[in-house]
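Engineer: Kindly generate the complete structure, drawing on both the sequences and the hints.
Chains as they are written, first to last, in my numbering: chain A, 102 to 439; chain B, 16 to 235.
Don't read these hints as lab results, they were simulated from the structure. The C-beta atom is built at its ideal place from N, Cα and C for all residues, glycine as well. Where hints are given, some of them may not hold.
To be verified - Selected chain B positions facing chain A (in silico; Cβ < 7 Å):
#1 103
#2 104
#3 117
#4 119
#5 128
What the hints assert, rightly or not - These stretches of chain A come out as covered by chain B in the derived footprint (C-beta under 8 Å, 3 or more residues):
#6 113-126
#7 222-236
#8 302-311
What the hints assert, rightly or not - Quick list of simulated restraints, FRET-style, between CB atoms:
#9 B:145 to A:401: 39 to 45 Å
#10 B:73 to A:408: 54 to 60 Å
#11 B:59 to A:356: 30 to 36 Å
#12 B:82 to A:190: 32 to 38 Å
#13 A:417 to B:55: 40 to 46 Å
#14 A:414 to B:59: 41 to 47 Å
#15 A:190 to B:157: 44 to 50 Å
#16 B:146 to A:322: 37 to 43 Å
For reference, the chains in residue letters:
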Amino acid sequence: MTTDYRKPELVCPAGNLPALKAAVDAGGDTVYLGFRNASNARNFEGLNFSREEVEEGIQYAHDRNARVFVAVNTSPGPRNISPWTSSIDIASELGADAVIISDIALLAYAKENHPNLRRHLSVQASAGNYEALEFYAREFGIQRAVLPRILTLDAIREICSKSSLEIEIFASGGLCVMAEGRCWLSSYITGDSPNMNGVCSPAHAVRFEQENGTLDVKLDGMLINKFAPDEAAAYPTLCKGRFEAGGKTGHVMEAPYSLNTLEVLPEIFAAGVHGLKIEGRQRSKHYVRSVVSTWREAVDVCASDPHGYVAKKEWMASLNATSEGGAHTTGAYEDDWR
Amino acid sequence: MLKLKILPQPEVFLQLLPGMLQAQTLELLLGHIFTSSRQKYLQPISGKRFLFRTPDGEIELFMCVDHLGIHIQPHTQEVPDVTISGDLMALTALCLGLEDTDSLFFSRRLLLTGDTSTGLMFKNILANLDFDLCAELELKLGKHTADMLWRMATQAINAVEFFDQQVARAGIVVGERFGLSPVEKVKSLETQLHSLNEKHVALKQRLERRHRPDRAKQAA
Ligand code: SF4
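Structural biologist: Right, here's the structure in full:
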């Protein structure tokens, strides 16, 4: 039996205009971004786009045959939904190629008010089975779904073969503890969550203190990690903190590894996914340029000869050099655990 | 291979050591970056005070932001909102947007203490600016002058950093280094001229990469 290989598009992150341009110039097929408010899941100080910047970014991308997806992928609270709905309105008005949404009220709003704007289901919706995807397709007319990172490649292949939807998966970058859109660790300590406020470990709650080379990291006054002198550090999240449990101190929830699927690229091609998402909207244009260039080359090499494809050492080294934690994993894709 | 000519008298650059000169250079560059059209970006950090320092505390630059722009001075009694520590190259890379700043923090070459929100905001304001310092200086000053100035600045920064390392390695305490005789200064630098030259070559290559047009987007 011959295997069909699909060459997926590279969906690249941008937290600002220079990063968007870097992604497009480095060969990204599509860039995803968010507005400067709580409507997107990377709501950090000084990050994201104003209306004017989105307009310029879309123009820049479209002039170079690249697409722009706008993430409106947090859940509005009970009081004021307008920042979310107006983000969808503006995305439509400015000619975005799709909106990425998780909340069902916003999906319904987009379907009703902007029927011609493509709707993608965000990873934040945590829809990890064929039946859930069919529900979203039937009720809200979504055209694509970003799968949560809890699935194995076998499960992804099965979903792709059954579903009429385009399927997008994460290929590279920082990892969550794999309960997308449902993690309350951050709000437990800081009051802000990625689901409602678009931010895990808000900077106002983070403090770094260094003495004799040892770096203490605190979240709302609580010590969550200690780094030895010269040990690589990362932006602190509670899931990747080090705690004492069972008489040992270590990463009890998640090790600080980054996702890197370069080594299983032919299997991903064979699964039939449409989009490969690179995480990192909070990172600089230098990071985006470097990571997207690496992925562009890898995807092109794999597309030209999937059987002979081998992930080059320099690609792995380049991704490790800029990743949080400096080490990588294929996550659940090759794992039995779900 | 690329060779960058070392200026004949490296000790000239040591004259940049006085804090006032470093402060003025940084103020000049940041002043250029935040020209009037870009000053609006500073609004979220208006009234905030930043301290940039090398880990040994030998270089300390204090920055405050107000409605007139950025002001930098070498010393102050004021308590900063944010302190960013790192070697001179890392601090310069942060302020001039030359490298991936997160990687510098992850690798511990930069450390942010104090108010993380303000520090993150400053980092992201700089990252959001769509500018190429080299190209802009070129436009303003002409290619030849801009190249020369940029080369001198990077050489100066490098020489200062290098000399600091040598001084630290030799265990000479602050203040005494100014007591070194000119012959000792030159000798100390000349013995390491070779490695210094290599660092300059690396810098030059990095600068050249910045001038190279970005790789054309490949067809999907
Ligand atoms: S605490 Fe960890 S798992 Fe939870 S949202 Fe933050 S990064 Fe994700």
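Engineer: Tell me if chain B covers the segment 302-311 of chain A under the three-residue, 8 Å CB rule, please?
Structural biologist: holds (count 8)
Engineer: Classify the hint on residue 104 (chain B) as holds or violated, based on whether any CB of chain A lies nearer than 7 Å to its CB.
Structural biologist: Because about 15 Å separates residue 104 (chain B) from the closest Cβ in chain A, which is outside the 7 Å limit, the hint is violated.
Engineer: Could you say whether the range 32 to 38 Å given as a hint is met by the Cβ separation of residue 82 (chain B) and residue 190 (chain A)?
Structural biologist: Holds - the Cβ-Cβ distance for residue 82 (chain B) and residue 190 (chain A), about 34 Å, lies within 32 to 38 Å.
Engineer: The hint says 40 to 46 Å between residue 417 (chain A) and residue 55 (chain B); measuring C-beta to C-beta, is that right?
Structural biologist: holds, 42 Å
Engineer: Could you tell me whether the CB distance from residue 414 (chain A) to residue 59 (chain B) stays inside 41 to 47 Å?
Structural biologist: holds, 42 Å
Engineer: For the pair residue 73 (chain B) and residue 408 (chain A), does the Cβ-Cβ distance stay inside 54 to 60 Å?
Structural biologist: The hinted range 54 to 60 Å holds for residue 73 (chain B) and residue 408 (chain A), with Cβ atoms some 58 Å apart.
Engineer: Can you tell me if the segment 113-126 of chain A counts as covered by chain B, using C-beta to C-beta distances under 8 Å and a minimum of three residues?
Structural biologist: holds (count 9)
Engineer: Does the nearest C-beta of chain A fall within a distance shorter than 7 Å of the C-beta of residue 128 (chain B)?
Structural biologist: holds, 6 Å
Engineer: Given residue 103 (chain B) as an interface hint, is its Cβ closer than 7 Å to any Cβ of chain A?
Structural biologist: Given a least distance of 18 Å, the restraint on residue 103 (chain B) is violated.
Engineer: Please check whether residue 145 (chain B) and residue 401 (chain A) have a Cβ separation lying inside 39 to 45 Å.
Structural biologist: violated, 28 Å
Engineer: State, for the Cβ atoms of residue 59 (chain B) and residue 356 (chain A), whether the hinted interval 30 to 36 Å holds or is violated.
Structural biologist: holds, 35 Å
Engineer: Per the CB criterion, is residue 117 (chain B) less than 7 Å away from chain A?
Structural biologist: Status holds, d = 6 Å.
When held up to the earlier numbered hints, the structure conflicts with 1, 2, 4, 7 and 9 and fits the remainder.
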